[in-house]
Structure formats: C-alpha cells, structure tokens
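Sequences and hints are given; from them, build the entire structure.
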Amino acid sequence: MDAILEVKDVSKFYGSFQALKSVNLSLKPNSIMALVGPNGAGKTSLLKSILGLVSFSSGEILINQIDCHDYNSRKSLAYLPEKFIFYDYYTVKGTISFFGQMYGLSGSELSEKIDAISSELGIKDLLNKKLSTCSKGQLQRTGIASVLISDSDTIFLDEPFSGLDPVAIKELKDTLIKYKNKGKTIFINSHILGEIEKFCDEYAIMNHGEIIEVGEFSKFQDGTFEDYFYNKVKANA
Amino acid sequence: MLKTLLINTLLKEARSRSLLFLGIFNIIILLVMVTVVKLLGENTLAQEGLSVVGGGVMGIYFLVINWWITILAYLLGTSAIASDLRSGIVSQLVSFPIPRWQYILVRIVGVWIIVLGFYFVSNFLGGFAFSVITGVEVSFGGAIVAFLINLLPLLAAITLAVFLSLYIQRIFAFVLCSFLSVIVQISTSGITKIGLERALSEFDLYKSIGLFFHFLFPHVSVWSNYASSFIFGSEASFNSMFEVPHLVVITMVWIGLISFIFKKKEL
Numbered sequence: 034m035d036a037i038l039e040v041k042d043v044s045k046f047y048g049s050f051q052a053l054k055s056v057n058l059s060l061k062p063n064s065i066m067a068l069v070g071p072n073g074a075g076k077t078s079l080l081k082s083i084l085g086l087v088s089f090s091s092g093e094i095l096i097n098q099i100d101c102h103d104y105n106s107r108k109s110l111a112y113l114p115e116k117f118i119f120y121d122y123y124t125v126k127g128t129i130s131f132f133g134q135m136y137g138l139s140g141s142e143l144s145e146k147i148d149a150i151s152s153e154l155g156i157k158d159l160l161n162k163k164l165s166t167c168s169k170g171q172l173q174r175t176g177i178a179s180v181l182i183s184d185s186d187t188i189f190l191d192e193p194f195s196g197l198d199p200v201a202i203k204e205l206k207d208t209l210i211k212y213k214n215k216g217k218t219i220f221i222n223s224h225i226l227g228e229i230e231k232f233c234d235e236y237a238i239m240n241h242g243e244i245i246e247v248g249e250f251s252k253f254q255d256g257t258f259e260d261y262f263y264n265k266v267k268a269n270a
Numbered sequence: 002m003l004k005t006l007l008i009n010t011l012l013k014e015a016r017s018r019s020l021l022f023l024g025i026f027n028i029i030i031l032l033v034m035v036t037v038v039k040l041l042g043e044n045t046l047a048q049e050g051l052s053v054v055g056g057g058v059m060g061i062y063f064l065v066i067n068w069w070i071t072i073l074a075y076l077l078g079t080s081a082i083a084s085d086l087r088s089g090i091v092s093q094l095v096s097f098p099i100p101r102w103q104y105i106l107v108r109i110v111g112v113w114i115i116v117l118g119f120y121f122v123s124n125f126l127g128g129f130a131f132s133v134i135t136g137v138e139v140s141f142g143g144a145i146v147a148f149l150i151n152l153l154p155l156l157a158a159i160t161l162a163v164f165l166s167l168y169i170q171r172i173f174a175f176v177l178c179s180f181l182s183v184i185v186q187i188s189t190s191g192i193t194k195i196g197l198e199r200a201l202s203e204f205d206l207y208k209s210i211g212l213f214f215h216f217l218f219p220h221v222s223v224w225s226n227y228a229s230s231f232i233f234g235s236e237a238s239f240n241s242m243f244e245v246p247h248l249v250v251i252t253m254v255w256i257g258l259i260s261f262i263f264k265k266k267e268l
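From first to last, the protein sequence lines stand for chains A and B.
First residue of the first sequence? That's 34 in the numbering used here, and the numbers climb one at a time after it.
First residue of the second sequence? That's 2 in the numbering used here, and the numbers climb one at a time after it.
Rather than coming from a laboratory, the hints here were simulated on the basis of the structure.
Heads up, some of the hints might be wrong.
Below, simulated SDA-like cross-link-like pairs (lysine to any residue); rule was C-alpha separation at most 20 Å, straight line [to be verified]:
(1) A:Lys-146 / A:Lys-116
(2) A:Lys-146 / A:Gln-51
(3) B:Lys-265 / A:Asp-100
(4) A:Lys-126 / A:Leu-138
(5) A:Lys-108 / B:Ile-90
(6) B:Lys-265 / A:Leu-138
(7) A:Lys-169 / B:Gly-57
(8) B:Lys-266 / A:Phe-46
(9) A:Lys-108 / B:Trp-102
(10) A:Lys-231 / A:Thr-257
(11) B:Lys-265 / A:Lys-213
(12) A:Lys-211 / A:Tyr-123
(13) B:Lys-4 / A:Ser-141
(14) A:Lys-108 / B:Ser-88
(15) B:Lys-266 / A:Ser-90
(16) B:Lys-265 / A:Val-87
(17) A:Lys-157 / A:Thr-124
(18) A:Lys-163 / B:Leu-268
(19) A:Lys-41 / A:Gln-51
(20) B:Lys-4 / A:Tyr-123
(21) B:Lys-264 / B:Leu-3
(22) B:Lys-4 / B:Ile-99
(23) B:Lys-266 / A:Glu-93
(24) B:Lys-265 / B:Leu-106
(25) A:Lys-61 / A:Gln-98
(26) A:Lys-163 / A:Ser-152
(27) A:Lys-162 / A:Lys-211
(28) B:Lys-264 / A:Val-87
(29) A:Lys-116 / B:Lys-4
(30) B:Lys-265 / A:Ser-44
(31) A:Lys-54 / A:Glu-246
Covered stretches of chain A, going by a simulated chain B footprint (3 or more residues, C-beta under 8 Å) [said to hold, decoys possible]:
(32) 119-125
(33) 132-142
(34) 197-211
Positions of the beta carbon are idealized from the N, C-alpha and C atoms, including for glycine.
So this is what it looks like as structure tokens:
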C-alpha cells in the first residue's frame, strides 16, 4: 500500500543553522506514528515543512502522492498546533463549526458531527462557552474536536496532550485509537513518551535535525521505550 | 469554504476598536450638527435660511466622512492579516486546503466590505437621521457620487496597508500609509503641473523620485479629493484617462505582490 506521507531527503536551514538534515520518513496508512525527540531536535520544523507552513532547502515531501506545496495535498489532512489559538469571541461550538465548514461540512451533517464529537471529547456542556472563558485544557479539547470534525484521512497533532488532565488524556487516547480503527492515519509530535508508547504503532526518534531511528512500539514491553529513547538520544549527542 | 472565511473576516473586523471609535465619533458629530441646526431654527433663522445652513452643515459632514474613510481603510488594512500573524492563528488558517492567495484576497475583500458598509451607513443613515430630526431636506446626490468614486481607491488603500503591515508594526504601517498618501499626492500634483512628457524627458533625481511614487503607488488622496469635489459641486483637476487604468492596474499589482510574498512567508 502507498505511504500516506513520504519525506525524501529534506533539509532545512535557518540562516546558517541546519534544522533538518536529509530527513527521510514515511507514514503507513491506518497507523499512529509518534515523532519523538528532545527540544530543538527539529520536530516542529519537520511538521511545519510537511504542512507547507515553512519552505525547505532541498528534498521533497509528498502527501498522498501530492507535493506538500500544492494546497490540494492538505485536502486529506488536518492539523492541530501545539497551542490551539482561535478568535476568543467565538464559542466552542462556533469554533468547531468554523473548522467543519472549512472542510466542506454544512447543515444537518455539520450539526450531527458537532454533537457526536463534543460528546466523544466530553465538551458538550461547553458548546456555548466563549473561548475567552475556556481553560487551557478546554481550549485544547476544542482544538482536538475542531481537527477531528474534518474527517480527514490523516491527522497531524503537535503535542496534543499538552494542558490536558489525566482524565482528558485517557479520553483523547481512546478517541485516537477509535479514529485509527475507523481507518484514519495519525501523526503525533509529543514529548510525553509514557503516553504515546501505550497506543502508537510506530515511532521516529529525532535528534539534531536527523531521524536517528524508526521502529515499532510492539518490540518494547510496557515502560521500556523511555529508557531506550534516553539511551539512543544520549548516544547521538 | 471561502464564504466561511469571509464571514470570519467580517466578524473579526466588525469588532475593530477603530470602527467603534469612528462610529461613536460620527454620532457625536451628528448630534452636534443636529443641536446647532435646531438652535438656529428655534431662535434665528427662517425655514429657507435653515435649509441653506442645514445643507451646508451636511455637506461638511459628508466631506469629513469622505476624508476619514481612507483613514479607516488604512487602520483596518493594517490589522487584517497582521493580527492573524501576531496571534499565530494564521498557521491554522493556511493549513486548510486553500491557496494562500485566496486567504489574502478574502481578508482584503472582507475589510473592504466593512469599510464600504461603514461609509454607506455613516453617509446615508446619518443623513437620513439628520433630515428626520431637523426637518431639513438633505441632498444625497454628491455623497452618492463620492461613494461610488471611492469604491476602488478604498480597496487600493486597504491593499497598501496590508502590504506594509507584513513588514512593520501596525501603528508604523498606519503612519507610513498616511505619509505615503501625502507624498503620492505631492508627486502627482507636481507631475501634473509640469506634464508627464516633460517629467520623463527632463530626468533628474527629484523627478525620478516623483515618478516612482506617481507610478507605483495608488493615488488615494487624488481620488478622495475628486470625490469630495462632488459633495460641494466644486472643480477638481482629475485626469480620468490616466487615473482609472492606473488605479486598476496598480491595485492588481499590489494584491499580486502581497500574494507572492505571503506565499513565500514562513509561518
């Protein structure tokens, strides 16, 4: 089966600093991949390159065989940034609705999806609340709902557990597994190794702008990935 | 998708403090005008004289609106995209499956609609309210022509403000827009005075600077002055054979330039 995402020899410079060094990566359909690495490893630069938010110096990124600079490549993906920010005068419902409409939903289909996703993420009671009055966790869940309503095949989440309490983290993990079982492909950029190990299929360890290893979580027993990651990064320091 | 983004732009800009401030200012001016005309009517003037004074006062009101509508276009233009960049919302918006130039265009058009809406309401609702309260018949002919003349120049003003706001802080972009507006007016009147042919043939540093501003920037003040002349029925020199195609072309060029720069921008 063709990869959903193919990153081929991508390099990126910020002035003289090389943020990405010939990065190669591919994402299998219907899987959850975690991109992990210490701060400054180049994870956000890679994610932003994939989404066409920043340009890269050399290489190629294909999403469903479409070049990432072509806006059509984004038809099949949705993105949640690390800090979900939206206009604070919008309500939670208005925000999710805006995202739904931007992905072509309307009428009863949109209403039904808002209803279903808000129930799934436990934010049904918040629908009429303005974003300006939402807590960090509530905002993050609104962001996740806004992304999931798109019904995109591939979902990119940058630090999705940031700001969530343990209950919300558990609910989000369950939701992501459910979406994977529905045939979605999920790409997560996260620091929280303990959480991603439990539900992701694959990992890519990034350090100093390079992908130093890609593998499957199935080879680790519970809790051992954290030590493995630490040793790998230390060895690559 | 574009409709959703346009509605989002209208909701965003309608909350602008500049719009609220100018709206309140308009109401204050109208209240002062109504009070003055009513006092004159009650104490000194006969109905005939009152109509003359009322018409004159309303002309000044239309003139003031005509003048600061450009200021509003600059103010809203400088925040249209800059506020999305500053808040970080822009990366969310451009990750939707739309080309970046469409995002830019929708934001510019959204601001244009808000500015025109404000212009329309200020002129015509204001004039109507004045007429009802004072009983003075208001002639809207000049204001309608001025409104129509200003349609495209306001789009050009917004475009220029959007461009500058990509590089410098909002307040400085606004000041620079106003400054450029004056410079362009000076260049244009200088070139009109000596004639374009002479300006091009007798080339020196000052003339080349003048020609640079004359050709590459929209003549917003020239259009605004021309529009104002219809309010009081006065004469204004206006070379429509040059100004109309220049405005159309230069607006398209600036929109194209913004789209090109924004396409390359790292977000």
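Against the structure, the hints come out as follows:
{"no.": "1", "hint": "A:Lys-146 / A:Lys-116", "in the structure": "violated (23 Å)"}
{"no.": "2", "hint": "A:Lys-146 / A:Gln-51", "in the structure": "violated (42 Å)"}
{"no.": "3", "hint": "B:Lys-265 / A:Asp-100", "in the structure": "holds (16 Å)"}
{"no.": "4", "hint": "A:Lys-126 / A:Leu-138", "in the structure": "holds (14 Å)"}
{"no.": "5", "hint": "A:Lys-108 / B:Ile-90", "in the structure": "holds (19 Å)"}
{"no.": "6", "hint": "B:Lys-265 / A:Leu-138", "in the structure": "violated (30 Å)"}
{"no.": "7", "hint": "A:Lys-169 / B:Gly-57", "in the structure": "violated (56 Å)"}
{"no.": "8", "hint": "B:Lys-266 / A:Phe-46", "in the structure": "holds (14 Å)"}
{"no.": "9", "hint": "A:Lys-108 / B:Trp-102", "in the structure": "holds (17 Å)"}
{"no.": "10", "hint": "A:Lys-231 / A:Thr-257", "in the structure": "holds (11 Å)"}
{"no.": "11", "hint": "B:Lys-265 / A:Lys-213", "in the structure": "violated (34 Å)"}
{"no.": "12", "hint": "A:Lys-211 / A:Tyr-123", "in the structure": "violated (28 Å)"}
{"no.": "13", "hint": "B:Lys-4 / A:Ser-141", "in the structure": "holds (18 Å)"}
{"no.": "14", "hint": "A:Lys-108 / B:Ser-88", "in the structure": "violated (24 Å)"}
{"no.": "15", "hint": "B:Lys-266 / A:Ser-90", "in the structure": "holds (14 Å)"}
{"no.": "16", "hint": "B:Lys-265 / A:Val-87", "in the structure": "holds (8 Å)"}
{"no.": "17", "hint": "A:Lys-157 / A:Thr-124", "in the structure": "holds (12 Å)"}
{"no.": "18", "hint": "A:Lys-163 / B:Leu-268", "in the structure": "violated (26 Å)"}
{"no.": "19", "hint": "A:Lys-41 / A:Gln-51", "in the structure": "holds (16 Å)"}
{"no.": "20", "hint": "B:Lys-4 / A:Tyr-123", "in the structure": "holds (17 Å)"}
{"no.": "21", "hint": "B:Lys-264 / B:Leu-3", "in the structure": "holds (18 Å)"}
{"no.": "22", "hint": "B:Lys-4 / B:Ile-99", "in the structure": "holds (12 Å)"}
{"no.": "23", "hint": "B:Lys-266 / A:Glu-93", "in the structure": "holds (18 Å)"}
{"no.": "24", "hint": "B:Lys-265 / B:Leu-106", "in the structure": "holds (16 Å)"}
{"no.": "25", "hint": "A:Lys-61 / A:Gln-98", "in the structure": "holds (13 Å)"}
{"no.": "26", "hint": "A:Lys-163 / A:Ser-152", "in the structure": "holds (18 Å)"}
{"no.": "27", "hint": "A:Lys-162 / A:Lys-211", "in the structure": "violated (27 Å)"}
{"no.": "28", "hint": "B:Lys-264 / A:Val-87", "in the structure": "holds (10 Å)"}
{"no.": "29", "hint": "A:Lys-116 / B:Lys-4", "in the structure": "violated (26 Å)"}
{"no.": "30", "hint": "B:Lys-265 / A:Ser-44", "in the structure": "holds (17 Å)"}
{"no.": "31", "hint": "A:Lys-54 / A:Glu-246", "in the structure": "holds (14 Å)"}
{"no.": "32", "hint": "119-125", "in the structure": "holds (count 3)"}
{"no.": "33", "hint": "132-142", "in the structure": "holds (count 4)"}
{"no.": "34", "hint": "197-211", "in the structure": "violated (count 0)"}
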